[in-house]
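Chemist: Here the protein sequences line up with chains A and B, keeping their order.
Using the numbering used here, the first residue of the first sequence is number 1, and each one after it goes up by one.
Using the numbering used here, the first residue of the second sequence is number 303, and each one after it goes up by one.
Please note that a few of the clues may not be correct.
[Said to hold, decoys possible] As a list, the in silico DSSO-like pairs of lysine-lysine whose alpha-carbon atoms are at most 30 Å apart: (1) A:Lys111 x A:Lys39; (2) A:Lys55 x A:Lys39; (3) A:Lys268 x B:Lys367; (4) B:Lys367 x A:Lys75; (5) A:Lys279 x A:Lys268; (6) A:Lys111 x A:Lys100; (7) A:Lys169 x A:Lys48; (8) B:Lys367 x A:Lys300; (9) A:Lys75 x A:Lys268; (10) A:Lys56 x A:Lys300; (11) A:Lys84 x A:Lys103; (12) B:Lys409 x A:Lys279.
In case anyone wonders, no lab produced these hints; they're calculated from the structure.
Quick caveat, the model's predicted, so the values are computed rather than measured.
Residue-level listing of the chains:
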Amino acid sequence: VTPKSWYLRRREFLRLGAGSTLLLSLPAFARAKVEHGPKLAGVTANPKYALAEEKKNALEDIATYNNFYELGTDKSDPSENASKLHTRPWTVSVEGEVGKPRKWDIDEILKSFPIEERVYRLRCVEAWSMVIPWDGFPLADFLKKHEPTSRAKYVAFESVVQPQMPGIKGFGGIPFPYLEGLRIDEATHPLTLLAVGLYGEALPNQDGAPIRLVVPWKYGFKSAKSLVRIRLQETQPSTTWSQYASNEYGFYANVNPEVDHPRWTQSKERRIGEVLRRKTLMFNGYPEVASLYAGMDLRKFY
Amino acid sequence: LKQALLPAAFAACCVPLLWLAFQFFTGGLGANPIEALLNDLGYTAFVLLALTLACTPAQVLLGWKWPIRIRKLLGDFCFFYACLHLLTYTVLDQGFDLGGIVTDVLKHRFI
Numbered sequence: 001v002t003p004k005s006w007y008l009r010r011r012e013f014l015r016l017g018a019g020s021t022l023l024l025s026l027p028a029f030a031r032a033k034v035e036h037g038p039k040l041a042g043v044t045a046n047p048k049y050a051l052a053e054e055k056k057n058a059l060e061d062i063a064t065y066n067n068f069y070e071l072g073t074d075k076s077d078p079s080e081n082a083s084k085l086h087t088r089p090w091t092v093s094v095e096g097e098v099g100k101p102r103k104w105d106i107d108e109i110l111k112s113f114p115i116e117e118r119v120y121r122l123r124c125v126e127a128w129s130m131v132i133p134w135d136g137f138p139l140a141d142f143l144k145k146h147e148p149t150s151r152a153k154y155v156a157f158e159s160v161v162q163p164q165m166p167g168i169k170g171f172g173g174i175p176f177p178y179l180e181g182l183r184i185d186e187a188t189h190p191l192t193l194l195a196v197g198l199y200g201e202a203l204p205n206q207d208g209a210p211i212r213l214v215v216p217w218k219y220g221f222k223s224a225k226s227l228v229r230i231r232l233q234e235t236q237p238s239t240t241w242s243q244y245a246s247n248e249y250g251f252y253a254n255v256n257p258e259v260d261h262p263r264w265t266q267s268k269e270r271r272i273g274e275v276l277r278r279k280t281l282m283f284n285g286y287p288e289v290a291s292l293y294a295g296m297d298l299r300k301f302y
Numbered sequence: 303l304k305q306a307l308l309p310a311a312f313a314a315c316c317v318p319l320l321w322l323a324f325q326f327f328t329g330g331l332g333a334n335p336i337e338a339l340l341n342d343l344g345y346t347a348f349v350l351l352a353l354t355l356a357c358t359p360a361q362v363l364l365g366w367k368w369p370i371r372i373r374k375l376l377g378d379f380c381f382f383y384a385c386l387h388l389l390t391y392t393v394l395d396q397g398f399d400l401g402g403i404v405t406d407v408l409k410h411r412f413i
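Next up, chain B with everything else stripped away, as it sits in the complex:
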């Protein structure tokens, strides 16, 4: 059972990607698929970040050890989804218009 934890977590982390890819190519993301992709990738990264950061408290407060064993995996996937999110923004959303992105970020700092 212990050996299955890591592969199971890995598989679970892949689900959002496969799901989004499937939706993207079947039109399930609606009239503005890029916006949907951007939001969903960002949301997934955020959830994984929260899960990654919850591993240590789970051990300290609840005495669970198993989350620690998948913490690195969760963190890696968080980074992976964050990269996809950023790529979607720079390439698909902004068309690699770096000048435009810099102006946008500087003018609207909260981003």
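Bound-form chain A, shown alone:
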């Protein structure tokens, strides 16, 4: 039983509780300050992908509202824990069905490929979207250097796991490293990008530094972050989310307003910065990829 003296002071406790809650949440006052990465040298804008009709999201949006579970599951966690990802030294290993497998140092990659700016829509499977000016180069150019063999039918991507990352113990049983995959024709499509920066600066850690995949016609989770391994193979790779909940997240995960997620509609999305939802576009507004899926039932291969 609560001692009477405590009981009589109950409201002091309440006040103390309310006061300390308020104090603890004070840091939330100011929006997390975004650290700017070093400027990337020699970035040229590719006019074909300028996407002039869309308004770009500010770096503050792109770098504070992230899904990167290895750094925490809240949208603000990855930016708060960004320093827990160490991006140097960094090696990207290309292996499997290639004539020339190679381990790249990230700085070698940055010097070896001309970096262009491309403005892409990004549509998250959670029904929000952004418009992001990525800096990068086509994955096709990168793969070609390694001479894929005729048995290279799929490309598997593996994201980094570092012991100090706060989320790697797994959220509700999600195993890390994070794995993603593409069919070879998707991987070598001209739209598919390896991004190393945004707004002309090196990628913020929370956005998948130092190098990440960007597949603009697929839900955002397909665009694996912080890549350490790219493996070409004959069989379809298993991918993290489709392993975790195969009825909710498929291997293809093309943006499709007609195929709902079992738990919510995909017909609309909120563009970050806007209030009312806008209609989601087929293939996220990239109709040129439709031929990749000719004859496929996109309800079955979601």
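Since chain A is already given, all that's left is putting chain B on it; use the hints.
Modeler: Then chain B, alone, in the frame of chain A:
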């Protein structure tokens, strides 16, 4: 002291609303303020529901009488926050697209 209980509880129940309003207008809710508002209002209503329902057990099990005196207030505020939550969903989140809301709820029953 007894007389201060009700006003104090009333003030405490207003804190989440004032806090959210302040955050909403100063950009503290982040890149997707509507989602944050929706979740926080729903969470507040849920906490108040739990507190409201805890009043009677607190009396029966612990012999406390004071929670009973603020039970009605807690329940009213729970309803108030639940209404704000629902309003945020129908107006800000769905843009008053009633047809869309009905389809969404029917197709995804767990909601």
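Chemist: For every hint, state whether the structure bears it out.
Modeler: Quick rundown of the hints versus the structure:
no.: 1; hint: A:Lys111 x A:Lys39; in the structure: holds, 14 Å
no.: 2; hint: A:Lys55 x A:Lys39; in the structure: holds, 22 Å
no.: 3; hint: A:Lys268 x B:Lys367; in the structure: violated, 50 Å
no.: 4; hint: B:Lys367 x A:Lys75; in the structure: violated, 42 Å
no.: 5; hint: A:Lys279 x A:Lys268; in the structure: holds, 4 Å
no.: 6; hint: A:Lys111 x A:Lys100; in the structure: holds, 19 Å
no.: 7; hint: A:Lys169 x A:Lys48; in the structure: violated, 42 Å
no.: 8; hint: B:Lys367 x A:Lys300; in the structure: violated, 59 Å
no.: 9; hint: A:Lys75 x A:Lys268; in the structure: holds, 20 Å
no.: 10; hint: A:Lys56 x A:Lys300; in the structure: violated, 33 Å
no.: 11; hint: A:Lys84 x A:Lys103; in the structure: holds, 24 Å
no.: 12; hint: B:Lys409 x A:Lys279; in the structure: holds, 18 Å
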